[in-house]
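Dock chain B against the given chain A, drawing on the hints supplied.
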Amino acid sequence: MLSLELSRISVSYPGLLSPVLDIPSLSITAGSRIAVTGASGSGKSTLVNVLTGLERCATGGSIRWGDADIAGMSERGRDRWRGAHIGLIMQDFHLFPGLSAVDNILLPARLSRAMKPGDPDRALMLLYAVGLCRADQKIETMSRGEMQRVAIARALLRKPGVLIADEPTASLDSESGDAVSRLLIDLSVSNESTLIVVSHDPRLTGQLDRRITLSAGRVASDRAHREKAA
Amino acid sequence: MTRFIFADLRRLWAGSLVVVLLIAFATALGVAVTLQERALRLGSARAADRFDLVVGAPGSETQLLLSSVFLQPSPLPLMPGNVLGKLAADPRVAWAAPVGFGDSFSGYPIVGTSTALTTNLSALKEGRVFSKAGEAVIGAAVTLPLGYEVKPTHGLAALGGETHTELAYRITGRMAATGTSWDRAILVPIQSVWSLHGMGGHADEHDHAAEAGEAHNAEEPGHEDHAGGHGHGHVDPDAPLDENWTAEAPGLPAILVKPKTIADAYKLRQDYRGNGTLAVFPGEVLTNLYATLGDAKRVLSAVAVGAQILVAAAVLMVTVMHIGQRRRQIGALRAFGAPQSAVLAIVWLELFILIALGILFGFAIGYGAAILLSAMFSGESGIVLPVGFIRDDLKSVAAIVLFSAMLALAPALLAYRQSPAAALRA
Numbered sequence: 001m002l003s004l005e006l007s008r009i010s011v012s013y014p015g016l017l018s019p020v021l022d023i024p025s026l027s028i029t030a031g032s033r034i035a036v037t038g039a040s041g042s043g044k045s046t047l048v049n050v051l052t053g054l055e056r057c058a059t060g061g062s063i064r065w066g067d068a069d070i071a072g073m074s075e076r077g078r079d080r081w082r083g084a085h086i087g088l089i090m091q092d093f094h095l096f097p098g099l100s101a102v103d104n105i106l107l108p109a110r111l112s113r114a115m116k117p118g119d120p121d122r123a124l125m126l127l128y129a130v131g132l133c134r135a136d137q138k139i140e141t142m143s144r145g146e147m148q149r150v151a152i153a154r155a156l157l158r159k160p161g162v163l164i165a166d167e168p169t170a171s172l173d174s175e176s177g178d179a180v181s182r183l184l185i186d187l188s189v190s191n192e193s194t195l196i197v198v199s200h201d202p203r204l205t206g207q208l209d210r211r212i213t214l215s216a217g218r219v220a221s222d223r224a225h226r227e228k229a230a
Numbered sequence: 001m002t003r004f005i006f007a008d009l010r011r012l013w014a015g016s017l018v019v020v021l022l023i024a025f026a027t028a029l030g031v032a033v034t035l036q037e038r039a040l041r042l043g044s045a046r047a048a049d050r051f052d053l054v055v056g057a058p059g060s061e062t063q064l065l066l067s068s069v070f071l072q073p074s075p076l077p078l079m080p081g082n083v084l085g086k087l088a089a090d091p092r093v094a095w096a097a098p099v100g101f102g103d104s105f106s107g108y109p110i111v112g113t114s115t116a117l118t119t120n121l122s123a124l125k126e127g128r129v130f131s132k133a134g135e136a137v138i139g140a141a142v143t144l145p146l147g148y149e150v151k152p153t154h155g156l157a158a159l160g161g162e163t164h165t166e167l168a169y170r171i172t173g174r175m176a177a178t179g180t181s182w183d184r185a186i187l188v189p190i191q192s193v194w195s196l197h198g199m200g201g202h203a204d205e206h207d208h209a210a211e212a213g214e215a216h217n218a219e220e221p222g223h224e225d226h227a228g229g230h231g232h233g234h235v236d237p238d239a240p241l242d243e244n245w246t247a248e249a250p251g252l253p254a255i256l257v258k259p260k261t262i263a264d265a266y267k268l269r270q271d272y273r274g275n276g277t278l279a280v281f282p283g284e285v286l287t288n289l290y291a292t293l294g295d296a297k298r299v300l301s302a303v304a305v306g307a308q309i310l311v312a313a314a315v316l317m318v319t320v321m322h323i324g325q326r327r328r329q330i331g332a333l334r335a336f337g338a339p340q341s342a343v344l345a346i347v348w349l350e351l352f353i354l355i356a357l358g359i360l361f362g363f364a365i366g367y368g369a370a371i372l373l374s375a376m377f378s379g380e381s382g383i384v385l386p387v388g389f390i391r392d393d394l395k396s397v398a399a400i401v402l403f404s405a406m407l408a409l410a411p412a413l414l415a416y417r418q419s420p421a422a423a424l425r426a
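Line by line, the protein sequences give chains A and B.
Residue numbers for the first sequence follow the numbering used here, so the first one is 1 and each next one is one higher.
Residue numbers for the second sequence follow the numbering used here, so the first one is 1 and each next one is one higher.
Bound conformation, chain A alone (with noise of 0.2 Å):
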């Protein structure tokens, strides 16, 4: 479970004259639900990737991650503590055809050398929590909704302390949507991970303990959601 402590951040593109992200300073509570909301445009994706050390913010900016600030990292180094602290889930999923569900949890994992012996069965018991029994099963013959749930057991594998998910319902239909939420809101409970949800999706954004909601780059509303997490 990781708290956050942004200050001072900036990011902007050659060519472009405002920031894209512009956000003077922002703190989460480790363990909390948070979700960032906005139109399309706001911030919200650089803002995931300012979070996940994807992305460099401008100098003098700070990314406070626990007791860890990435904004001061190499990239080699911000590769290998996203690895070891993010568990990230995409709207795209973004699983590798080719390989079995249980193959694609274990690869990030595999492909960092960071492979801990236990990892093969938490892999399995991942794929049972959200709802899948077919390890062996090839990723290109799933369903979607499928391929969400294996993409949020990948992202859980290595007990992550902060679980990012990036429109993480938005290509599934309503069904698999609500699933894919619970799931989401359940496991960042029992594995105690603090969890950020970039949504449009009211469902599943209602769910969650504070919204933040970004416009043209800076936090427009800031509030804590009065409806617990289920």
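Source of the hints: derived by calculation from the structure; they are not laboratory data.
Fair warning: there could be bad hints in the mix.
Coverage of chain B stretches by chain A, computed from C-beta distances (three or more under 8 Å per stretch; other residues unrestricted) [said to hold, decoys possible]:
hint, region
1, 8-16
2, 319-333
3, 418-425
Just so we're clear, the structure is a prediction, and the values are computed from it rather than from any experiment.
Don't be surprised by glycine CBs; every beta carbon is placed ideally from N, CA and C.
Below, chain B without anything else, positioned relative to chain A:
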């Protein structure tokens, strides 16, 4: 990682196969050219190895070598017959054997010679050496049984030569394989060749002295004056052999000489250059031929290298485009925590595996092609062309592999450098 790479290659098997085949054929081209040139050089050198010195009439050294050592049918000028007697009596000579061409039997050249050659060229595998005018010894690659009657055809049968009816040779022996053109030859006493062409017969040889030269000079098959020209002497197949070469022997196209020592060889060559004869070391003439062969090889190699460069460029282009298509996938790998080095290794390995497979198949195909070509050539000429790799080939393999490893690095670095965030946005 390996599982990921193989899943990837399996998924893209069609494209991978094309890349492998392209590289294989480009490699095979270069390998075949190199191997075949080497085989030709080695094979001809070995085939000429058994012949230390060839003496003929002045003319083309290359033609003398091709006709006497490689038994290429072509008209050679004649030298005086007394040269044979002189050489045979020379104390520096271990043995000297005359060579007379002109007839053939079902594609096999019939070569008139003496028992000196048949006993010295190679041991007999079966039967015995000819001892009468109507007997013959065959090379290892001649597919005729002992006892078979060979009716010589003037010139080459394929070119419409006329069959000599006056004499049939009975095969009495077969030589062991020598790996030379002589494996395809039918060896007969040279007296019989002389007699058949109206040149022998010690009694009337003076009448024929002038005509003999003419006849042999016009040895092309089917020449016009043949029918009405020189009278075909009657040949008694049971006539005993007379190998006491006298000064009156008819003109000869070539004499194969085995000197006793190397020093003798050089002295003999010195003595028999000029004065109506030409002595050559086959090895020396071959060296000159190789110089020409080397030029041809350089041209072929340039063609092969050109093909390889084209293929390398094509493969590079395909992979760079492929990397472009996979930007998102590579970005995702990074996003899930795969280090840059893993991405680099994956892209590099995928390409390098394909290239290495291509090179491997290429060497196999090139080797196979060279073996096939050599077999075809051997079937026609009798010369065994040894196809083989040498130690230095390892160096060129290493160079090729190293080069392709560097080549594969280009798209890998491209993947290495690309920003995962930008890749995912695309």
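Consistency of the hints with the structure:
Residues of the region 8-16 of chain B with a Cβ under 8 Å from some Cβ of chain A number 3, which satisfies the need for three, so the listed coverage holds. Here the region 319-333 of chain B counts 4 residues with a CB under 8 Å from a CB of chain A, which clears the bar of 3, and the coverage holds. For the region 418-425 of chain B, the proposed coverage by chain A is satisfied: 5 residues have a C-beta within less than 8 Å of a C-beta in that chain, meeting the threshold of three.
In terms of the numbered hints stated before, the structure departs from none.
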